[in-house]
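Engineer: Sequence:
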Amino acid sequence: PTADGERLLPYARRVLQAQDDLLAAFGQARPLLVDLNSPGLTTGRVVLERARSLAPDQELMARYESGLTHAAGELVAGRLDASFGRFAGLPAALRAGLRHQPVRCEPMAVVLPEDHPLARLTEVPLSALAGESVYAGAGNPRTPEWTELAHRLFEGRGIRVAPPVPLAVGEEEFQRIMDKTRNPVLAVRSFPAMPSTVVRPLVGPVPLSPVSLVWRKGLVHPALDALRRAASQVATEKGWLAVPDGSWIPAADAAVMSVHK
446 PTADGERLLP YARRVLQAQD DLLAAFGQAR PLLVDLNSPG LTTGRVVLER
496 ARSLAPDQEL MARYESGLTH AAGELVAGRL DASFGRFAGL PAALRAGLRH
546 QPVRCEPMAV VLPEDHPLAR LTEVPLSALA GESVYAGAGN PRTPEWTELA
596 HRLFEGRGIR VAPPVPLAVG EEEFQRIMDK TRNPVLAVRS FPAMPSTVVR
646 PLVGPVPLSP VSLVWRKGLV HPALDALRRA ASQVATEKGW LAVPDGSWIP
696 AADAAVMSVH K
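Residue 446 is where the sequence shown starts when you use my numbering, and the numbers rise one by one after that.
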């Protein structure tokens, strides 16, 4: 943001909060805008569906911003209300204007062309990826927190982060670019399958992708209360914050997620 934008941002936040307070006084609330990152990812969608059932009188609207770093800027600016992703991967200046609640430590996976030599395996050891270039969003300004997690995971294992490719918008364009490069893709186990590809769990160790519910500091909204309750309920019921023996998670993320190996 420009210097003028930085100066005016606190006033804009106060205007947004005043609007919410006025609506609340009349027993109403504007829709809560919830970023689910990308269509097909399950963590945010499951939490959102639970929140809707907990607060049927509230409107929670899904948005798709494709990465927490980009969504965080939208949260701070008041254009979004909540998102999901790796909180520890955000710059400190962004984290200062946000709050988060740990939701899931999701096991990671690799997406492979169906004729890739490793596709015949039911699980792919990280050591088997040595010498490979694995796509992890390098160059995508919306997802640097994911690329940085990949660098941490691949360090010392002989795995390279694949160089940037043209930014693909939508599943069809993403698959077209991946078909051209044929690089494996770092993902999570719940990543939706695409034609001509397979999703294989990573093991030896099992790497974990930390996911938090993230919202703007100071936000007061009845639907946010429902979203936080939903995140807590689902995480407890599904054991999403469990960290199995022999798994991998960076120390900074483990501290932020309040989990212990």
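Errors might be hidden in some of the hints.
Okay, the calculated beta carbon distance ranges per label pair [as the list claims (entries may be wrong)]:
no.	residue 1	residue 2	range
1	508	541	20 to 28 angstroms
2	627	502	30 to 38 angstroms
3	541	568	34 to 42 angstroms
4	634	562	33 to 41 angstroms
5	682	584	36 to 44 angstroms
6	697	634	16 to 24 angstroms
Derived from the structure by calculation, the hints contain no laboratory data. A virtual CB, placed ideally from N, CA and C, is assigned to each residue, including glycine.
Engineer: Kindly indicate which numbered hints from before are broken by the structure, ordering the numbers from low to high.
Structural biologist: 2 and 4
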